[in-house]
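Chemist: Sequence:
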Amino acid sequence: MIQAHISVSTQPNEVGPIAVLEFWVQALISQHLWYREQPILFLMDHLCKTAFQLMQEDCVQKLLYQQHKNALGYHCDRSLLSSLVSWIVAGNITPSFVEGLATPTQVWFAWTVLNMESIFEEDSQLRRVVEGELVINPSFTPDQALKKAQAQLKLPIVPSLQRLLIYRWAHQALVTPSDHPLLPLVWQKFFLLYLHRPGPQYGLPVDGCMGRRFFQSPAHTNLLKEMKRRLTEVADFHHAASKALRVPAEGSEGPPASQAGTPGFLTSPELHMELVRLFNVYILWLEDENFQKGDTYIPSLPKHYDTHRLAKVMQNQQDLWVEYLNMERIHYEFQETIGRWTQAKLESHSAPCSLSVQLDFTDPFLAKERVLSNLRKHEAPQPPLVLHPLRPPVPVISSAVLLSRENTTQLVCTDLNLLQQQARTAALRESQQVALDGELLDTMPKQYVNREEQATLHLECRGSSGKKCQGAAVVTVQFEGMHKNEAVSQQLHVLRKEVKQLQAEATTPPPLNIVEAAVHAENLITALVNAYKLQPTPGVQKVGISLFFTVVDYVSDETQRHPPTRQFFTSCIEILGQVFISGTKSECRKVLETVLKNRRLCSLLSPFFTPNAAPAEFIQLYEKVVKFLREDNSDMIFMLLTKAPGVHPFGTHGLGS
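So for the sequence shown, UniProt numbering puts the first residue at 1; every next one is plus one.
Note that these hints are calculated values from the structure, not bench results.
Quantities reported herein were computed from a predicted structural model and do not represent experimental measurements.
Errors might be hidden in some of the hints.
What the hints assert, rightly or not - Taking lysine to any residue and the SDA-like style, the derived pairs with C-alpha atoms no more than 20 angstroms apart in a straight line are:
(1) K585 x Y554
(2) K69 x L161
(3) K542 x A614
(4) K542 x T610
Unchecked claim - DEER-style ranges, computed between Cβ atoms:
(5) Q501 x R391: 30 to 38 angstroms
(6) I119 x H5: 45 to 53 angstroms
(7) I18 x L385: 30 to 38 angstroms
(8) L101 x R329: 23 to 31 angstroms
(9) P538 x E516: 28 to 36 angstroms
(10) L387 x Q501: 41 to 49 angstroms
(11) K497 x P95: 37 to 45 angstroms
(12) A19 x P538: 55 to 63 angstroms
(13) K303 x N13: 46 to 54 angstroms
(14) K542 x A19: 55 to 63 angstroms
Here a beta-carbon is modelled for each residue, glycine too, at the ideal position from N, C-alpha and C.
The task is simple: from the sequences and hints, build the whole structure.
Modeler: Put into structure tokens, the structure is as follows:
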């Protein structure tokens with residue numbers, strides 16, 4: 001179906017294959033952990049194959065590239081990045097859409113993903129810096145060069161050593177089936193990295209290739225041996241295929257004649273012979289260590305080294321050798337898939353009901369019967385899904401509530417009661433923690449005591465100069481020994497258990513109703529402030545003033561001791577005070593009286609005490625503040641007096657007067 005959709009899009013006046021490819025790729029990769037689902041990987045493999053055939057791989061790589069960057073911590077929140085960093089530090093391999101080292105089944109998908117990761121490796125300059133460190137520091141291992149590159153580039157996440165593209169292409173070349181069209185290009189991608197000469201780009205003379213530097217460890221040395229053996233197997237496979245009409249593909253069973261396919265679309269013997277020559281050339285390139293030393297003059301090499309292509313590889317020319325691709329086979333398989341889908345569609349509609357045969361399709365009065373007859377060819381439609389109404393997690397604030405002081409106060413009091421209770425619970429836990437800590441400190445010195453003891457020691461005497469001893473010396477020693485008080489030790493065990501339980505309770509997330517209450521109260525205040533800014537009416541202002549003092553009434557010692565609750569109440573009071581209290585003439589006296597009754601509210605409410613807004617009461621307010629002055633509240637009085645511009649806080653003779 002997807003292949004047919006893409007085929008139709010290539011016709012004139014259609015949307016084009018790029019839009020269709022992007023549509024299907026986005027639909028597939030939007031699924032959670034899609035790269036672990038075999039059905040999705042099967043479809044992605046065919047999409048990548050079609051994109052390659054239509055030379056539209058860029059549109060697929062673009063979508064995978066963005067998701068790959070997000071998976072590595074780019075353009076995402078710090079929590080995800082920190083979890084990925086800890087995941088990698090724990091010894092895991094950097095995440096990739098091709099899980100494991102390679103995939104033998106979805107080769108087209110692996111080809112697209114590895115090319116995309118190669119773009120990422122180049123864009124991040126990781127490959128350039130790693131190669132540079134290996135060139136500049138001959139004693140460095142690839143792992144050391146990778147760590148140095150990470151420190152130099154300051155990348156949020158650097159791929160682990162196994163994810164470097166030179167190893168990815170090597171492993172993919174090992175598992176790709178011998179008859180797969182992409183196998184020559186996969187090996188080409190490997191040799192572009194293995195025979196790369198990085199010297200000139202670092203200002204150094206042209207030296208040898210540095211691919212062997214990545215294969216110094218015993219495991220990687222064995223990998224090179226496996227690659228040589230695999231190249232020999234592939235060359236033998238194509239040699240046998242060039243001599244026969246058809247040879248069994250890898251993993252197939254039965255004689256050659258039992259395999260599917262039409263002789264017109266078999267790989268030609270000429271192409272098989274070209275592939276034999278190519279893979280024999282690959283064997284020479286892999287074996288010849290002179291390339292790694294840099295003392296090889298390429299034009300002087302024998303013809304069977306294919307010096308023309310060797311020079312292109314060493315010059316890092318990325319043009320693919322598509323002449324080794326069996327494009328006829330790829331096109332045939334694409335058309336064959338479309339044909340199977342078209343045939344399946346026709347078969348589903350090829351059994352018309354007996355009524356449709358008897359209908360006269362030229363009679364306009366039988367139109368209804370013709371429509372019903374056509375509908376009977378399809379399955380009966382399923383009933384619509386049952387919709388279950390969802391309750392919003394936080395109740396919606398209606399605009400009518402904002403005009404009633406009673407309703408607004410009732411709503412906010414319900415929320416503030418929950419928040420105040422949460423603060424009291426936190427304060428109680430804090431007091432319990434302090435009490436337990438004090439009891440622990442008092443009990444721990446009693447766990448061990450010193451008791452006076454006496455011990456008798458027999459010291460052996462061996463004699464000297466042929467004289468024998470009369471016997472061992474008996475020595476009595478008195479000392480104070482340490483003894484453990486088991487009752488106190490058990491008491492300490494119980495205390496520590498209580499401390500752990502209390503700490504576990506304190507670190508649990510707050511209940512959901514606490515979060516809902518905080519969000520609901522915040523939404524109510526935000527809606528009220530927005531309504532007042534949109535249309536500043538006296539009714540909304542009275543509601544805001546009432547709401548301000550309601551929140552102030554809930555401030556207590558417990559709410560001030562609990563940081564989250566203190567922050568919430570402070571923010572609410574600041575917003576309501578700035579909008580409804582500051583500069584309001586009628587509220588100056590009430591703010592002052594509230595502060596004088598409760599001194600702990602001074603720092604919260606003093607910013608909204610604006611006596612200049614009430615000039616008729618200015619003198620009375622000032623007098624009230626001065627009369628309240630005592631030695632134990634001078635800081636509060638000073639804070640209030642500074643809100644009256646033009647008035648010296650201490651008069652003309654200072655505080656002593």
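Chemist: Return the numbers of the hints above that this structure violates; sort them in rising order.
Modeler: 1, 6
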